[in-house]
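Student: All chains should be modelled from the sequences, with the hints used to inform the complete structure.
Chains as they are written, first to last, in our numbering: chain A, 1 to 291; chain B, 1 to 249; chain C, 1 to 354.
Be a bit skeptical, because a hint or two may be false.
Listed next, the in silico SDA-like pairs over lysine to any residue satisfying Cα-Cα at most 25 Å (straight line) [claimed, not checked]:
| hint | chain 1 | residue 1 | chain 2 | residue 2 |
| --- | --- | --- | --- | --- |
| 1 | A | Lys165 | B | Tyr118 |
| 2 | B | Lys143 | A | Leu157 |
| 3 | B | Lys137 | A | Tyr166 |
| 4 | B | Lys137 | B | Gln183 |
| 5 | C | Lys210 | A | Val278 |
| 6 | B | Lys30 | C | Asp208 |
| 7 | A | Lys132 | A | Gly121 |
| 8 | B | Lys143 | A | Glu178 |
| 9 | B | Lys113 | A | His189 |
| 10 | A | Lys32 | B | Gln146 |
| 11 | B | Lys143 | A | Ser164 |
| 12 | A | Lys32 | C | Thr128 |
| 13 | A | Lys165 | B | Pro127 |
| 14 | B | Lys141 | A | Tyr166 |
| 15 | B | Lys141 | A | Ser164 |
| 16 | C | Lys210 | C | Leu193 |
| 17 | A | Lys32 | C | Tyr130 |
| 18 | A | Lys132 | A | Leu142 |
| 19 | C | Lys210 | B | Gly99 |
| 20 | B | Lys30 | A | Asn88 |
For the record, the hints were derived by calculation from the structure and aren't laboratory data.
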Amino acid sequence: MVWVSDIIQGILVGGLYALFACGLSLLFGVMKVVNLAHGDLAVVGAYIGIGVIAVTHMPFLWSIPVVCLLMAVLGYVLQRSLIQSALNRGELTTLIVTFGLSIVIENGLQQFFTANTRGIGVGSSLLTASFKLNSQIQIGWLPVIIFVAAVIVLLVLQYFLSASKYGRLIRAVADDREAALLSGVNARHVFGVAAAVAFATVGLAGVAYGMASTVTPFTGTQTILLFAFAAVVIGGLGSLWGTLLGGIVLGVAQEVGAQINISYEQLAGYVIFLAVLVLRPQGLTARRSQS
Amino acid sequence: MTTASSEPSVPASTPLLEVRDVTVHHGQLKAISDVSLQVSPGQVYAMIGANGAGKSTLMRTIAGLHSPTSGQILLDGNDVTRLRPERRATAGITMVPEGRRLFPSLTLEENLKVGASYARTGPWDIPAVMELFPFMKDRRKQKTAQLSGGEQQQVAIGRALVANPRLLLLDELSLGLAPVIVQRIYDVLPQILESGVTVLLVEQDVAQARRVASYLHCLLEGHTTLEGPPAEFTPEQVEAAYFGMGGTH
Amino acid sequence: MTITGESTLLPRVARRVTRSRRNVWWTGIVALVIVVVFAILPYQVYSGTTAILGQAFVILTLACMWNLLAGYAGLVSVGQQMFLGLGAYFVLIGAIHGIDPFVALPLAAIASGVAALPLWWLVSRLRTGYFAIGTWVLATAVALFVQQFQSIGGGSGMALPGLSSFGSTLLSAYTYWAGLVVTVLALGATYLLLRSRVGLVLTAIRDDEKAARSSGARVDLARMLVFVVAAVGCAAAGGVLAIQQLGVSPSSGGDFDVLWTAKMAFAVIIGGIGTIEGPIIGTIIYMVLQQTLQQYNEWYLIVLGVVAIAITLFARRGIWGLVDEHLGVRLFPVGYYLWPSGGRPVKKTAKQSG
Numbered sequence: 001m002v003w004v005s006d007i008i009q010g011i012l013v014g015g016l017y018a019l020f021a022c023g024l025s026l027l028f029g030v031m032k033v034v035n036l037a038h039g040d041l042a043v044v045g046a047y048i049g050i051g052v053i054a055v056t057h058m059p060f061l062w063s064i065p066v067v068c069l070l071m072a073v074l075g076y077v078l079q080r081s082l083i084q085s086a087l088n089r090g091e092l093t094t095l096i097v098t099f100g101l102s103i104v105i106e107n108g109l110q111q112f113f114t115a116n117t118r119g120i121g122v123g124s125s126l127l128t129a130s131f132k133l134n135s136q137i138q139i140g141w142l143p144v145i146i147f148v149a150a151v152i153v154l155l156v157l158q159y160f161l162s163a164s165k166y167g168r169l170i171r172a173v174a175d176d177r178e179a180a181l182l183s184g185v186n187a188r189h190v191f192g193v194a195a196a197v198a199f200a201t202v203g204l205a206g207v208a209y210g211m212a213s214t215v216t217p218f219t220g221t222q223t224i225l226l227f228a229f230a231a232v233v234i235g236g237l238g239s240l241w242g243t244l245l246g247g248i249v250l251g252v253a254q255e256v257g258a259q260i261n262i263s264y265e266q267l268a269g270y271v272i273f274l275a276v277l278v279l280r281p282q283g284l285t286a287r288r289s290q291s
Numbered sequence: 001m002t003t004a005s006s007e008p009s010v011p012a013s014t015p016l017l018e019v020r021d022v023t024v025h026h027g028q029l030k031a032i033s034d035v036s037l038q039v040s041p042g043q044v045y046a047m048i049g050a051n052g053a054g055k056s057t058l059m060r061t062i063a064g065l066h067s068p069t070s071g072q073i074l075l076d077g078n079d080v081t082r083l084r085p086e087r088r089a090t091a092g093i094t095m096v097p098e099g100r101r102l103f104p105s106l107t108l109e110e111n112l113k114v115g116a117s118y119a120r121t122g123p124w125d126i127p128a129v130m131e132l133f134p135f136m137k138d139r140r141k142q143k144t145a146q147l148s149g150g151e152q153q154q155v156a157i158g159r160a161l162v163a164n165p166r167l168l169l170l171d172e173l174s175l176g177l178a179p180v181i182v183q184r185i186y187d188v189l190p191q192i193l194e195s196g197v198t199v200l201l202v203e204q205d206v207a208q209a210r211r212v213a214s215y216l217h218c219l220l221e222g223h224t225t226l227e228g229p230p231a232e233f234t235p236e237q238v239e240a241a242y243f244g245m246g247g248t249h
Numbered sequence: 001m002t003i004t005g006e007s008t009l010l011p012r013v014a015r016r017v018t019r020s021r022r023n024v025w026w027t028g029i030v031a032l033v034i035v036v037v038f039a040i041l042p043y044q045v046y047s048g049t050t051a052i053l054g055q056a057f058v059i060l061t062l063a064c065m066w067n068l069l070a071g072y073a074g075l076v077s078v079g080q081q082m083f084l085g086l087g088a089y090f091v092l093i094g095a096i097h098g099i100d101p102f103v104a105l106p107l108a109a110i111a112s113g114v115a116a117l118p119l120w121w122l123v124s125r126l127r128t129g130y131f132a133i134g135t136w137v138l139a140t141a142v143a144l145f146v147q148q149f150q151s152i153g154g155g156s157g158m159a160l161p162g163l164s165s166f167g168s169t170l171l172s173a174y175t176y177w178a179g180l181v182v183t184v185l186a187l188g189a190t191y192l193l194l195r196s197r198v199g200l201v202l203t204a205i206r207d208d209e210k211a212a213r214s215s216g217a218r219v220d221l222a223r224m225l226v227f228v229v230a231a232v233g234c235a236a237a238g239g240v241l242a243i244q245q246l247g248v249s250p251s252s253g254g255d256f257d258v259l260w261t262a263k264m265a266f267a268v269i270i271g272g273i274g275t276i277e278g279p280i281i282g283t284i285i286y287m288v289l290q291q292t293l294q295q296y297n298e299w300y301l302i303v304l305g306v307v308a309i310a311i312t313l314f315a316r317r318g319i320w321g322l323v324d325e326h327l328g329v330r331l332f333p334v335g336y337y338l339w340p341s342g343g344r345p346v347k348k349t350a351k352q353s354g
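Tutor: Below, the structure is given as structure tokens:
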């Protein structure tokens, strides 16, 4: 029965990974931006939350919309300046620029916040509160809330992309920028909006992570980035629900690995990622193969 | 077939589109050298010429995707040379690009909706376009990759039309399509013209161009070699301008 | 029917094709002199200086390798730290079994080259973005894997046995020379590789991969060769690093940290990606920044990162590219010169692709 509990834990952790990954699903899956700074952006979101709460002493729930708004603005500005310039010059340039951004962010955070671990206080009651599923399985409330939040964000994002005007425009610009320009679409603005949305979700994910766990300036690349990419790739590029599936697969794999040997926890995730990259790079849900 | 235009082919006093001494470079290669033209409202203005003559480059420059090295482009007398391509669409120039260039991850209807995102006011909306190309009504939810070449071309035209342009640029409509299909597509030209849209098209098939155009303009290696109403030229003269022959056979 | 008309596209035929503009021997002699000067430094300066130069050697070797991968083979690897770590650990394993660390160094490099083959198989079909992520994942997995074994230090690292038999002055000199030898070999190997047929294939790939393939160039083989060479080079640097630091440390900030890739990448990009001189310039700039900003903690990395981003966007060919454009100098000639009938040569090197 211990296994069932672990599977459930794994699924819930998958929700957190999916939350990290939805921004990436938009940036990487739709806009084809390989953003190596993605994990660090989540950490930036967490630090913004920490900073805002420290300065204004607002209840932690209020920090969420504040972080999302600030991150959205950051995303729009970064996309229209740095990232678009990089995209215009090719994939290699985008890789190098976002990698550089990652290092600058990490070391900048270290300069200003030191390397101490920090977290967002949610009150010890929420952190430890749990409910019993049956006599042997106990589930924490916070992981469940985060999982539900991930599902909601994915639903909203899915609707945004498939049914709204801007979602359509984002997909069009991602498909064929020139053809979109010919239809009167301001491609730079549209991609700016897409980045704003992606950054808002990654900020939310960062705040959630800061609540559930703690962050350091290097958590972005140590823990988050590769797992976010893993969720997107395993799930299949371009599919938001695939990202949830990918996150769940990752979370479950890690829990199972941890059960075999506690030090295998992270390794299991990477092995699964590598396996998918080598054997089925288009992921679990995609119909088109990776280009 | 008679020419599609109902207007005289003599340029009116204020041309809708004027291209003045435009030179365009591709890197170091001079693709267009000092080309000028004037398109009057209601015309069907056809650019003809061999591969590499510069026709598509000129179209793309008019649409705003290339910047001319020198020269001017005027729409209704206003200088639009430096206007970004997305602003030209709202100013009244839309283009059906070479190769259709539909959005593959969008459905037929969504492609049209994108075209309509920043549309001007006018007679063309999505229902009107679907009347023009009736096959669309049943296929609106299909991904465009599943359409045939001719159907894709019609969607591309619809997407450009739905923005209610004043000048519609058609780049190599017939590329990769069977002549029968091409003819059927060109058959809608009269309806488009009736709604007040002027057409500037690029066509490699000279016979097809002569059938539909009210004015021919031939390019060779970036230079103008012939221009005027098609009736003024014998097929031999057009051929000579097309291939740039000095008269030898 | 004939088509008449002038065509101005074909140049008049050149008469002679040579490798370099003028006699390149003088560059070789200067290089030799420089190496000799560096070699006798331990007799002239304090060990503090040789230690700093030792760090520079490591960075320069790594930069050369990353330049080969990214600047010539088009492989942006964010996982080179795995070979740095492997090199360090293979030296450790050798030392544990009684092999002199300086002897273990070349063996470690070769072992890493062999290890690179199955690793290449895993990532070879991945393109650009996927390749970057894939190498990063691979590096992290290798790092975690290595840390499973307590016999080589597990997660906390281990001191390198076999170094205490040297006196401290001698050790610092030997360490310095090991670094110098590795760097000279790395530079030399890079130069020779690029002058060879493989180099031609690489330049062709860089310009237009499809065209290169269709003209029969063995693109995949060339890429694999570069990957293995880079693995060997990075591993050699890793071995030197282990000797310099008297041990291995796998955790954050240690031998498997992605920061190493950042350092080598930034050095290459700032110096000039896709040129042999670039990594040298970049390493100099890196060391200057690191030494001057050292008391300000991580500022040198922030500055490096910002400069690298700026250069990638605005001066793609880096500092050396700017110099080359304005002065037309090449220290390591790998291009070809056409000598048209009676006149100055026209340099024909394939230009950097975007």
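Student: Hints first: check each against the structure and report whether it holds.
Tutor: Here is how each hint holds up against the structure:
no. : hint                : result
1   : A:Lys165 / B:Tyr118 : holds (11 Å)
2   : B:Lys143 / A:Leu157 : holds (21 Å)
3   : B:Lys137 / A:Tyr166 : holds (24 Å)
4   : B:Lys137 / B:Gln183 : holds (21 Å)
5   : C:Lys210 / A:Val278 : holds (23 Å)
6   : B:Lys30 / C:Asp208  : holds (23 Å)
7   : A:Lys132 / A:Gly121 : holds (24 Å)
8   : B:Lys143 / A:Glu178 : holds (20 Å)
9   : B:Lys113 / A:His189 : holds (18 Å)
10  : A:Lys32 / B:Gln146  : holds (23 Å)
11  : B:Lys143 / A:Ser164 : holds (17 Å)
12  : A:Lys32 / C:Thr128  : holds (11 Å)
13  : A:Lys165 / B:Pro127 : holds (18 Å)
14  : B:Lys141 / A:Tyr166 : holds (19 Å)
15  : B:Lys141 / A:Ser164 : holds (16 Å)
16  : C:Lys210 / C:Leu193 : holds (22 Å)
17  : A:Lys32 / C:Tyr130  : holds (11 Å)
18  : A:Lys132 / A:Leu142 : holds (14 Å)
19  : C:Lys210 / B:Gly99  : holds (22 Å)
20  : B:Lys30 / A:Asn88   : holds (23 Å)
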